[in-house]
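Chains A and B, in that order, are what the protein sequence lines are.
543 is the number that my numbering gives to position 543 of the first sequence; each next residue is one higher, with no gaps.
In short: position in the second sequence from 1, add 726, done, that's my numbering.
FYI, nobody ran anything at the bench for these hints, they're computed from the structure.
Mixed in with the good hints there might be a few duds.
What the hints assert, rightly or not - Quick list of the computed label-pair ranges, beta carbon to beta carbon:
| no. | chain 1 | residue 1 | chain 2 | residue 2 | range |
| --- | --- | --- | --- | --- | --- |
| 1 | A | D323 | B | E785 | 51 to 61 Å |
| 2 | A | G562 | B | A769 | 51 to 61 Å |
| 3 | A | H140 | B | R763 | 24 to 34 Å |
| 4 | A | L588 | B | T771 | 49 to 59 Å |
What the hints assert, rightly or not - Per the computed footprint, the stretches of chain A lying under chain B, defined by three or more beta-carbons under 8 Å from a beta-carbon of chain B, are:
| no. | segment |
| --- | --- |
| 5 | 89-101 |
| 6 | 208-214 |
| 7 | 239-250 |
Stated by the list, open to error - Straight-line distance between alpha carbons at most 20 Å, and here's what the computed SDA-like set of lysine to any residue pairs gives:
| no. | chain 1 | residue 1 | chain 2 | residue 2 |
| --- | --- | --- | --- | --- |
| 8 | A | K331 | B | H749 |
| 9 | B | K745 | A | M294 |
| 10 | A | K137 | B | V796 |
| 11 | B | K736 | A | M294 |
Model, not experiment: these values are computed from the prediction.
From the three backbone atoms N, C-alpha and C, an ideal C-beta is built for every residue, glycine too.
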Amino acid sequence: MSAITPDLIAEHGLSPDEYQTVLDILGREPNITELGVFSVMWSEHCSYKSSRIWLKTLPTEGPQVIQGPGENAGVVDIGDGQAVVFKIESHNHPSFIEPYQGAATGVGGIMRDVFTMGARPIANLNALRFGDPAHPKTRHLVGGVVAGIGGYGNCMGVPTVGGEVNFHPAYNGNCLVNAMTVGLATTDKIFYSKASGIGNPVVYVGSKTGRDGIHGATMASAEFSEEAEAKRPTVQVGDPFTEKLLLEACLELMATDAIVSIQDMGAAGLTSSSVEMADKGGVGIRLHLDRVPMREDGMTPYELMLSESQERMLMVLKPGREDEARGIFEKWELDFAVIGEITDTGLLELTWAGEPEASIPVAPLVEASPVYERPWVPTEPPDAPAIASPDGPIAPALRRLMGSPDMASRRWIWEQYDYYIRGETLQVPGGDAAVVRVPDSNKALAMSVDCTPRYCLADPERGGMQAVAECWRNLVATGARPLALTNNMNFGNPEKPAIMGQFVGAIQGMRAAALALEFPVVSGNVSLYNETDGAAILPTPVIGGVGLLSDSTKMMSLAFKGDGRAVIALGGDGSTDLSESLYAREILGSESGPAPAVDLAQERAAGELVLALIEGGLIDACHDVSDGGIAAALAEMALAGDVGWRADPALQSEGASFYFNEAQGRYLVATADPGPVLERAQQAGIAAIRLGETGGNALHFGPNDAISLESLRGTHEAWLPDYMAG
Amino acid sequence: MKATVTITLKQGVLDPQGKAIEHALTGLGFDGVGEARQGKVIALTLDESDEAAARAAVEAMCKQLLANPVMEDYEIALTP
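I would like the entire structure built from these sequences, with the hints used as guidance.
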């Protein structure tokens, strides 16, 4: 057995202080297996040591919440004895190294998190961030990541219904792949990871264990350097067909009452699953590692504990139910092995052929897990003057914007995904939020993922607030009542006070918005150290939200439904500053200035108004105003419905500041009968501006300022396929 | 000169296709198949007649396109 040297400790990512704590807990030197266990349990990825104290400040409760953060996924009541189960998770580092498999296993991992809770996955979403399109690696990453997401989701028979994609040079060395899964369960059949019952059998099911991704969790907790590309660890390869079998086998066993608790093996595999189950139950756990199904010869206890082989689960069964469970898993052609038992020792005990290999007290391993209140400095809000209204016609600028990498159609991406499988998809990618029907009911779930990293960089607090508000708004725009959110915090190195300040600011903004909108956090994931050679990504706190439509026939969509509708802009604070807008970046070349302010009370009021308008059947199209301002929102509504629009004569002198500012809390609605809409808006104290009327096949901003839908569509649809064709 | 490139997954990388082959063989009654691993063979006809230069060229092709060096090994066999 190798001696524990300072180098070995450092390689395992443990600081000298942390190693001293290991010595204190054990009262002796650890062996290599024990060192491995401490290392992965205390990695940033598993312990959330830099983020935990801040995550705790987020609101996690509400009458609808059945299970908040701390389990495999969040659980929210949707009535009629049903619950929606969802979570978002990052697979950033693996996707940068091997985009197809990294993204695929990310999707596989998040689906496992959801079905571990007893839910059948009904939809997947993803939030992707890539580097500058001109960077030599970007095209390869986009192609691989998109194919990997599609490959895994399509093979599993789960539709990929929505997502978002940004390009920015700050992601050149670290792409972001955040995958979200939404599942459906019955409220009396939710499964948790808390182990109990001394002597109960611990069962391993799924695929065999190989040497996949050993130390993936510690890799995800360290910065990349150019050398890391050469020192690549073994890549995890996903097998969606096995995961499909695992899903069906687990759901079949869950229909019985044989399971005490269940936990999927994700990052840090057998180690984190066994330790978390034992810790939550306040019990010990003994694992006979020689009984673990192995794919390769000569695997050591260290490798077995740290392997990140995919498509595996750990369960505690009721005594005497092993044969029944074995029958189900063998029917589905999966490995099944009783590998241990629950004990009253409070220890994680590992043995090999009867010989002890490791013994670690569970509670101290978890409780002494380091928590850092890392020093942070708040991000100074940029002190730049508002951007004066640029002159010039609107149509050419709109055309450029709609063909820019961040606004161009994502059709090339989502057409690679099977978004109709299961036959419940009501609103496909390209709208505000995806909408998926709850089978055998009149209900539907709306879901969206959102973040605007350029706002977060300028002002993390406003950016965090805006991400929550935009997600909420996207759900509202379909007519759904927002229920709860899941968050994926993607940041740089938290040991740098400026980066930690971004994290803290984003959390503070998210907290304020989640409270004001009664939109609690039920699950989440943190990915730090997204830096290469000291250059960090933009702060990217992605919000995934789910809302409920109690009557799916009242679902709203963004497409103009026909000619002769009045188009009205609702909400907003009247600000017309272009700072940090996409227009400023793409047309003016400016990335400075303050992020748009978010007035949470107005946001809430505007949302309630829109929900009432939809409920009352007073509008027939609705779209939130975000990137590209009113002009881009009009363009998207017109393109989706293939119906043009003409500006109200009163607006024909308005310029770029009016059309392209990104003031928050706004919706565009279309209605055949504007009177009641304007009246309701006035009653609610929400600003309402008549923009013009639908009709024709062009967008007319003024007498000599128009663009045909055909031309706009050509530009909008061309960029991504042209780019990928290279 | 002809080059034959044999590409296989690195040892230790999960091979779902190989697993399916192994499973199907067992299902067909071929007993005693322990593990199946699969790969692909690419045959190239090259204008180059110098062996060292041909090998260097195919090596570069493997790294850039034919193989995924992150998870695959490749072997190059050259015949005149």
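Going down the list of hints, with the structure as the test:
1. A/D323 x B/E785: 51 to 61 Å: Given about 54 Å between the Cβ atoms, the range holds.
2. A/G562 x B/A769: 51 to 61 Å: This hint holds: roughly 59 Å between Cβ atoms.
3. A/H140 x B/R763: 24 to 34 Å: Given range 24 to 34 Å: holds, Cβ gap about 26 Å.
4. A/L588 x B/T771: 49 to 59 Å: Taking Cβ atoms as reference, A/L588 and B/T771 lie about 54 Å apart, which means the hint holds.
5. 89-101: The restraint on the segment 89-101 of chain A holds, since 3 of its residues have a Cβ under 8 Å from chain B and three suffice.
6. 208-214: This one holds; 3 residues, not fewer than the three required, reach chain B with a Cβ under 8 Å.
7. 239-250: Per the Cβ count (3), the hint holds.
8. A/K331 x B/H749: 14 Å, holds
9. B/K745 x A/M294: Distance ~13 Å between B/K745 and A/M294 Cα, so the pair holds.
10. A/K137 x B/V796: 15 Å, holds
11. B/K736 x A/M294: 17 Å, holds
Violated hints for the displayed structure: none, as all numbered hints are satisfied.
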